Each structure stands twice: as structure tokens, then as C-alpha cells.
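Asks: So the chains spell out like this:
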Amino acid sequence: MSGPFLKQVFNKDKTFRPKRKFEPGTQRFELHKRAQASLNAGLDLRLAVQLPPGEDLHDWVAVHVVDFFNRINLIYGTISDGCTEQSCPVMSGGPKYEYRWQDEHKFRKPTALSAPRYMDLLMDWVEAQINDEEVFPTSVGTPFPKNFLQTVRKILSRLFRVFVHVYIHHFDRIAQMGSEAHVNTCYKHFYYFVREFGLIDAKELEPLKEMTTRMCH
Amino acid sequence: MSPFQGSVDCPTLEFEYGDADGHAAELSELYSYTENLEFTNNRRCFEEDFKTQVQGKEWLELEEDAQKAYVMGLLDRLEVVSRERRLKVARAVLYLAQGTFGECDSEVDVLHWSRYNCFLLYQMGTFSAFLELLHMEIDNSQACSSALRKPAVSIADSTELRVLLSVMYLMVENIRLERETDPCGWRTARETFRTELSFSMHNEEPFALLLFSMATKFCSGTAPHFPIKKVLLLLWKVVMFTLGGFEHLQALKVQKRAELGLPPLAEDSIQVVRSMRAASPPSYTLDLGESQLAPPPSKLRGRRGSRRQLLTKQDSLDIYNERDLFKTEEPATEEEEESASEGERALDGELDLLEQDPLVPRPPSQAPLSAERVAFPKGLPWAPKVRQKDIEHFLEMSRNKFIGFTLGQDTDTLVGLPRPIHESVKTLKQHKYVSIADVQMKNAEELEKCPMSLGEEVVPETPCEMLYQGMLHSLPQYMIALLKILLAAAPTSKAKTDSINILADVLPEEMPITVLQSMKLGIDVNRHKEIIVKSIAALLLLLLKHFKLNHVYQFEYVSQHLVFANCIPLILKFFNQNILSYITAKNSISVLDYPCCAIQELPELTTESLEAGDNHQFCWRNLFSCINLLRLLNKLTKWKHSRTMMLVVFKSAPILKRALKVKQAMLQLYVLKLLKIQTKYLGRQWRKSNMKTMSAIYQKVRHRMNDDWAYGNDIDARPWDFQAEECTLRANIEAFNSRRYDRPQDSEFSPVDNCLQSVLGQKLDLPEDFHYSYELWLEREVFSQPICWEELLQSH
Numbered sequence: 001m002s003g004p005f006l007k008q009v010f011n012k013d014k015t016f017r018p019k020r021k022f023e024p025g026t027q028r029f030e031l032h033k034r035a036q037a038s039l040n041a042g043l044d045l046r047l048a049v050q051l052p053p054g055e056d057l058h059d060w061v062a063v064h065v066v067d068f069f070n071r072i073n074l075i076y077g078t079i080s081d082g083c084t085e086q087s088c089p090v091m092s093g094g095p096k097y098e099y100r101w102q103d104e105h106k107f108r109k110p111t112a113l114s115a116p117r118y119m120d121l122l123m124d125w126v127e128a129q130i131n132d133e134e135v136f137p138t139s140v141g142t143p144f145p146k147n148f149l150q151t152v153r154k155i156l157s158r159l160f161r162v163f164v165h166v167y168i169h170h171f172d173r174i175a176q177m178g179s180e181a182h183v184n185t186c187y188k189h190f191y192y193f194v195r196e197f198g199l200i201d202a203k204e205l206e207p208l209k210e211m212t213t214r215m216c217h
Numbered sequence: 001m002s003p004f005q006g007s008v009d010c011p012t013l014e015f016e017y018g019d020a021d022g023h024a025a026e027l028s029e030l031y032s033y034t035e036n037l038e039f040t041n042n043r044r045c046f047e048e049d050f051k052t053q054v055q056g057k058e059w060l061e062l063e064e065d066a067q068k069a070y071v072m073g074l075l076d077r078l079e080v081v082s083r084e085r086r087l088k089v090a091r092a093v094l095y096l097a098q099g100t101f102g103e104c105d106s107e108v109d110v111l112h113w114s115r116y117n118c119f120l121l122y123q124m125g126t127f128s129a130f131l132e133l134l135h136m137e138i139d140n141s142q143a144c145s146s147a148l149r150k151p152a153v154s155i156a157d158s159t160e161l162r163v164l165l166s167v168m169y170l171m172v173e174n175i176r177l178e179r180e181t182d183p184c185g186w187r188t189a190r191e192t193f194r195t196e197l198s199f200s201m202h203n204e205e206p207f208a209l210l211l212f213s214m215a216t217k218f219c220s221g222t223a224p225h226f227p228i229k230k231v232l233l234l235l236w237k238v239v240m241f242t243l244g245g246f247e248h249l250q251a252l253k254v255q256k257r258a259e260l261g262l263p264p265l266a267e268d269s270i271q272v273v274r275s276m277r278a279a280s281p282p283s284y285t286l287d288l289g290e291s292q293l294a295p296p297p298s299k300l301r302g303r304r305g306s307r308r309q310l311l312t313k314q315d316s317l318d319i320y321n322e323r324d325l326f327k328t329e330e331p332a333t334e335e336e337e338e339s340a341s342e343g344e345r346a347l348d349g350e351l352d353l354l355e356q357d358p359l360v361p362r363p364p365s366q367a368p369l370s371a372e373r374v375a376f377p378k379g380l381p382w383a384p385k386v387r388q389k390d391i392e393h394f395l396e397m398s399r400n401k402f403i404g405f406t407l408g409q410d411t412d413t414l415v416g417l418p419r420p421i422h423e424s425v426k427t428l429k430q431h432k433y434v435s436i437a438d439v440q441m442k443n444a445e446e447l448e449k450c451p452m453s454l455g456e457e458v459v460p461e462t463p464c465e466m467l468y469q470g471m472l473h474s475l476p477q478y479m480i481a482l483l484k485i486l487l488a489a490a491p492t493s494k495a496k497t498d499s500i501n502i503l504a505d506v507l508p509e510e511m512p513i514t515v516l517q518s519m520k521l522g523i524d525v526n527r528h529k530e531i532i533v534k535s536i537a538a539l540l541l542l543l544l545k546h547f548k549l550n551h552v553y554q555f556e557y558v559s560q561h562l563v564f565a566n567c568i569p570l571i572l573k574f575f576n577q578n579i580l581s582y583i584t585a586k587n588s589i590s591v592l593d594y595p596c597c598a599i600q601e602l603p604e605l606t607t608e609s610l611e612a613g614d615n616h617q618f619c620w621r622n623l624f625s626c627i628n629l630l631r632l633l634n635k636l637t638k639w640k641h642s643r644t645m646m647l648v649v650f651k652s653a654p655i656l657k658r659a660l661k662v663k664q665a666m667l668q669l670y671v672l673k674l675l676k677i678q679t680k681y682l683g684r685q686w687r688k689s690n691m692k693t694m695s696a697i698y699q700k701v702r703h704r705m706n707d708d709w710a711y712g713n714d715i716d717a718r719p720w721d722f723q724a725e726e727c728t729l730r731a732n733i734e735a736f737n738s739r740r741y742d743r744p745q746d747s748e749f750s751p752v753d754n755c756l757q758s759v760l761g762q763k764l765d766l767p768e769d770f771h772y773s774y775e776l777w778l779e780r781e782v783f784s785q786p787i788c789w790e791e792l793l794q795s796h
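Order-wise, the sequence lines are chains A and B. Using the UniProt record's numbering, read the first sequence as starting at 1 and increasing by one per residue. Using the UniProt record's numbering, read the second sequence as starting at 1 and increasing by one per residue.
Because the hints were derived from the structure by calculation, they are not lab data. Among these hints, one or two may not hold up.
What the hints assert, rightly or not - Here are some, though not all, of the chain A residues that point toward chain B, as calculated from beta-carbon distances under 10 Å: (1) P52; (2) I79; (3) D81; (4) L121; (5) D124; (6) W125; (7) E127; (8) Q129; (9) I200.
Quick caveat: nothing in here was measured; it's all calculated off a predicted structure. C-beta: ideal position from N, C-alpha, C; glycine also.
Take these sequences, add in the hints, and give me the full structure.
Replies: Structure below.
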């Protein structure tokens, strides 16, 4: 465990830190790996995410970002009463990964927060972007900003973290509620979309790699 | 925490909603327990009078003719000057109406004879006689002033009125009730009575108006002795009798739709609500018994029409799911659909998390559906609806994006729009619902525009129409009076701040001394208030429903007055209490209820027996009132932005959520509807923390296609539009009322008089010296003025 690459990864200033030492996962953390149920939609999500001819890329991306935001918000909402300061004192994705929050206001440096707090800040932050006319213009004719895709990448990687936390820590609740299929399908859609347009780095996708390989082709 | 947590304690309530409670229950609520002593009084008055006319026999033993003869005589004896003697005779009549219980053995007997006697009394003209007396009592200024002078008004001050109103109430209730076994004569009598009350004798006005005016008089403070509970009960039942109850309303609606050429209703709402189940607390074990194999409803949506302004509004839950139920089975188009598949989506049950069978199987294949009417999908109780304006709006958005210009209200031209949009419009049209109100508003608009060519509207003179016409003039006062009383009777009201005393007809002359008496009075007072709330809530709901069917602007007129009189915060205030304990309140003493108390010896009451109450699961009238108030609130706020925002501003969401603890499907439905219209204004945080409520809304409330209730941001909350909305509505209402009901005035459209004789015959005011100067005037003003013919061609 050495080398410049890993040093970069373990850098304190990054918000995404795989933990140095970790215990082999307990059963709960492994649960999601066996996730399988899916809604048989009779349609191919991989094809569905492709940019239709004549459609503007930014438009297409923007619609999806907002959709995913709304959906992911609700998904988190269904298990949110089980995600507390006590149950999840740290925003983590299993024993291996931990997320720290950083923004332009209170948290100039990446700070470890409890999962519920992290989620709140995350959602508020995404919502603020979405409601910002300069980033997501509403009137027909107003163009998207030049760095739109870059902003979107940041949004989507952060939204991905919600999936990570929900799958790894709260999948038992999801299964209990019987909403496996729905959450999986939403995840698949999300995954295919970000893959299609290369909107999330491979290393960010690492925490759910096994599950993804199984679920998405 | 969660809205359903409390309901672990509350079992599902077996409640059957209807026009009113059971017959016996309704009759017993007429009396307060303090009045119980008067039952014996009535009996004595009757028996004293009876034995002067008939010897040796009892009433029940008499032949019908003899009974009729006796009643005729009794009514004659009513016309005496002495007030005391009149009261005694009135009490005798009341005893008859109460079922001559002295001669009965069982409650069933009492009710039977009560009904029999009431028909008899009616046929002998008792109602009109008592109506005269009622008028006299109302106008009795002496009674008013003596009541005003008293420091504390009690039940004794309303004795005469109570007897009169009780007789009338018993007659209305008994005759209103229909039984299969009723003889022909009774049926005719019922119809005659109904007509009489609708187009009443005095001043050709409906009887209900008299009762409304009693309520306003009471509220004005000039008649504090009026027994307001009886007035309101009678008013409610008279309206129900003359206009019809809920089932009659449903039948009328079906009929009216047919008359207007509208397609029949997709479902019978009364039946649907009856079969709905209350939402249970989230079950974490797989409750397969309850879960329904729900292929969630499909809806097609053009996703393409999605410039950013629709981003947050698009309900794209429709991406996921089941086979498209509405696709026509054409194999050729299948591939095309696959590639353009983002447009064809079925709505998923993503929010349907509670009752989902975890092993979601393939959805059962649906039988091919007819193109005209689409059957609504399994699993949800209501068929989705779309308004014409929703279709127009959707098309305008799409046209804006794809073509760049709009076509107004055209919903047929689809050229230039992508295929998915065509499909969407097709689905939207399949679910289009045109309400009677839509047609009425359109007609009203046309009548406004073309008064000459369309002429005067032909308005059928139904009881509802007559009532509205009669109420029109003082309608604001009537509504304010009803709401004032409702406020005073609400459990959350502090008695001190009220200017009206609604307890006048329940408080005994002497205040209670013992603990037992106090307890009894306490129960009596609460019961009294509950009954008042019940009658007002039911009355208002019935009026609104009837007026809406009759003409939507009549409904809007009444609604506006209710809203301006602060009905919305009043109802919210009412719900700002522990609803569960209100509904399970036990404010009744069954041994003191009529008819039980009339035939049995009153047992010893103890504080323990009073505390124990009855063994009913819940209080029927309170649950009934709650549901009606919620229905009322829904009717006032539906489709009205400004009023919906009032719900948000008054922070009604937590109050309404608490009401969800009651496990009764109908009540929950109306709460969920109120929450649904507010959801998009409550913010993401609320939605995130209230997923269970969101799920319940999804499952129980009718879906409106293209309705972004679950996601929308604050884009819609444009406050400056709301006032404009209310003002336009007000203008339309005023135009409607003046067009239909105002005396025709000199308007621009009155014809010009061009008959020479009559014009010359008109008297004109000429200045005094005119006959000296008229020649000069003529010269100057007429003969020397050139005629400017061009002016005729100019528009002014």
C-alpha cells in the first residue's frame, strides 16, 4: 500500500476517502451485493438513456438530473427514519468508504458528519443548484452555462453517494418494505445514464462495483 | 412521530356514512337531558285533554276515524288566547308526535306509533297550524325583551318554542323516512309535505328561510332565548327533505350529465368510498393478505416536452414499469416504440411501498381496451381524470418547445410534434372529464356575451332553485350566523369570548348542586354542542352540493361568502385538537335517551355509571361531523390557488396529519386530498420526512394526469395571481346573479321608444322662459346648424 496514486487517494483534503484499515464486511454490509430484484419494465434502460436525435444534450442531461434528484430524495425518505445520528454517526459506504462534506459556506474543509446531516446538506446543495437560474435556466432560449456538464458531474457523484449509503447501510429496510425492485431499477437507470455520458469517475463508483457488475450489463 | 403511530391504539372504525344517523338516534338527539322531565308533562297534558273527549278507551285502541276526529278537535282548541292553555294543547300534540309512549311497552312500539301519529297529525293539518304559532312566537317581542333582561337565559325561556319546534321536527323526520311497507296514503302525504315545505305557504317562501332568519336573529343578540339547537336540526332536516340526501344527489348528477350530453360517470363515488380501507400503520412483515397485485396505472407522457420549466414539474416516475396498457396491439409499432420509448411509460408504483408484494411478478396481460373509455387500472380506487385545460396546457408547452408558437385552445392539431406527444395526447383525451360545472360556466359566459340573441335563460323552478332565490338577498348574513354558531360550539373555543350563548336551551333554571348533577349537565352541554356542530356541518355540505349541481355559480357564491367569513381557519381550528379523543368521546347517557327514557323508570344514576358511558367504539355524530367538515374544506379549496395557499399559510399540514390517526377510510381520504393539494408547497424536506403520507396519497386519492403534486417547487406560488383569480370569480358570480335575479333595469339594451304619440306625450322639464325664447332657440340650435352627415360614419 504505497505509491503516489494511493497517496492522492488517501489525501485528507479529498472528500472521498477509502479508510486505511478496515474489517472485513459484516453480513449486513454484504446484503446489497445479492440484490437482484428488478422491475420487469419491458424496456431497455440502456437504450432509453441515449440522447435522442435532435435533442439538445444539456436539456437531456438537465431533465435527468432533476428527475434523479427527486427520486433519490424520496428513496432516502423511505428509510430516513432509520438513518439517525446514532445509527449512522458517519456518512459511510460500508467499513471501507467514508464521505466528508465540503462546501463554500460552513465547511471549507472536508468535515466528517453524520449521515442524516450529510444527506440534508447534500440535498439542500443540489436543490440550490437546480433552482439557480444561472445553472439550470428555465426560460426557453436561455442557454446553459459553459461549465454545465462539470457542475452536473459534481451533482451526480454526490447523488451517487446517497445510493451507496442506502444500499450498504439500509438495504435491510428496503427489503423489508418490499421496494428492492424499485430502488434497483432506479439505480440501474442512474448508472446507465452516468455511464452513457461519462459523468462519474470510476473511482467514485467503486463502492458499489460488485453489485453493479451483477445488476447492470 | 409518524402519522400512523397513534393508530396502533385505534382499531379500524366500523362506520357507515350516510345522510344521518339511525332513525332512533336522530330523534333522541332532538332533546337535551335537561328536557327529560317534560316528557311526563306532555303525557299529563294529553291525558287530561283526552279524557274530556274520549272515555274508557286509550289512544291506541281508537279507530283511525276517531283518532282523526280527536286531533281535529285538539287543533281547534289550539286557537285560544290564553298562552298557557295553548301550551297545554301543544304539549298534547307533542305527546302524540312522540308516540304516546305511555301506552307503549317497548322502544320499537314508541317509534312505530310516533311515526303513525305524525302522519296522522300531518294529514289533519297540524303542520300549518304550528307554523302559524311559530310565527307568532318568533314575533313575540315580549319574550325577546324579557329574555334580554335576564342575566342568565335558561331552558325555561324557550319552553313554547321548544314544543313547537319539536313537533315540527318529529313530523319532518318521521315523514321523511321512507319504508317499503308504507301505505299509499303515506307516500302521497310525504310528497305533498315535501312540496309544501319547498314552496311554503307563508309568502310563498320555502320554510327553510324562516329558520335561517331565526338563526340570524339569534346571532344578532335580539333573541337569545331561541332554542338554537332545535332550529338548526330542523333546518338541516328540512333541507334534506326538500332537496334530497346524498344518494338522491348522485342520481340527480347522473341524470343531469345525461341531459347535458356528457359521458356517464366512470364510477359511483359513494360506492368507491364505502369499499376503501383505512390505511394501516406500515407493516414491516410481509402482509400478503393485504397487498394487492397492483400493476400500477399507466400513463403516457411525452417526456420530450421538457424544457427546464417543466423539469421540476414532470412526473417522470412514469419511466419505470409495466407493460404499457394503452398501447394498441400493433406489432409493427412495437419496435418504433422501443426506440422512442422514453415517451411511452407506464407509471410505476415507486411510491407504492407499503402494500407491494415483494416478488413482483410479470403483470397480468390486459385485455385490449376500447379506444373510447379506458378502464381504470387495478389497485387504485379511482379512475384518473384530466381537465380540458390540462390538455391545452400540455400541448402549448410542447408546441412552444418543438415548434415555437402556440395555437391557443386547439387540442386537435398535432402536426410537427413528435410521436410520443401524439400518444400522450391520446391518453390524456381518453381520461378527459368534463364536469357539469364546466358546461354551466361556458353557458353562462355565452349568455353574458349574447343577451339579445340567446334571450333569457330558462331556469326550472326546482326546490333548490327556489331556496337559492329566497336565500340570495340575505345569504351573507345566513352564512355568518351559521359560522358564528359553529365557532361557539367548537370544542376548541373558549366560552368567554363568545357574544352568543348557545347553551340557552340546555341549561336548567337552577344550577346543579351535587357532583352527580354537575357531571350530568357537563355531559349534556357537550352533547348539545356536538349536535349543533353536526347539524351545521351537514347542512352546509348539503347546501353546497345541491347548489353546485343546480348551478356552479350558486355554489361559488355561497363558497365565497363562507371563505370571506373565515370558514377555512375555523375548520382548521376545529381540527387543532385531539381528534381521536373527540371521535371517541362518550357524551351520552343511554338510559336518558329517547325513546328509552320515555318507557322506562329512570334508574339511579351514579358517577361511576356516568363515567363509564356506553360501549360504543366511537361517537357516530362526531365522526360524521369531522368528515363533513373535511369535505366542506375540500369543496372550498379545490382548484382555488388562493385558498390552497391559505391552507399552507395557516400551517394546516401538521394539523391534518394528526387527523390521519383515525382509522377510518373516508376521513383519511378527505385529509389526504387536502394534503395532496398542498404537497408541492411544503418543500422537499417535508416530502422526505413524510413518505408514508405520500404513499397513502398515492394509493387513495384520485390521480390527475400531468399533475406534479409530488415534486413541484415553488414556481406556482405567485401571490399576485391569486387575488386576481378571486376577483374574476367574484365578477362572474355577480354577473350571474344579476342576470338571473335582478329586476330588469334600464340598460343599454332596453329598446328605444319611437312611437310618436308616446314620445310627444312625455313630460319634459323645460326652462321657465322657454316659451319666450323658443323661436330664437330653434333658429340658433336647429335651423342654422348644418348637419354633419360624415359624423354618422365616424366611430366614437
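Asks: Take the hints in turn and mark each one as holding or not.
Replies: To see whether the hints hold, each was checked on the structure:
For A/P52, the interface hint holds, the least distance from its beta-carbon to any beta-carbon of chain B being 7 Å, beneath 10 Å. Among the interface hints, the one on A/I79 holds; its C-beta lies about 9 Å from the nearest C-beta in chain B, closer than the 10 Å criterion. The interface hint given for A/D81 is met, as the beta carbon of that residue sits about 7 Å from the closest beta carbon of chain B, less than 10 Å. Because the smallest distance between the Cβ of A/L121 and any Cβ of chain B comes to about 12 Å, over 10 Å, the interface hint for this residue is violated.
A least Cβ separation of about 8 Å between A/D124 and chain B falls short of the 10 Å threshold, and the interface hint therefore holds. Interface hint at A/W125: violated, since its Cβ lies 12 Å from the closest Cβ of chain B, which is beyond the 10 Å cut-off. Here the hint on A/E127 is kept, as its CB sits about 6 Å from the closest CB of chain B, short of 10 Å. For the restraint placing A/Q129 at the interface with chain B, the shortest Cβ-Cβ distance is roughly 12 Å, beyond the 10 Å limit, so the hint is violated.
The restraint placing A/I200 at the interface with chain B is violated, with a minimum CB-CB distance near 20 Å, outside the 10 Å limit.
In this structure, the earlier hints numbered 4, 6, 8 and 9 are contradicted, and the remaining ones agree with it.
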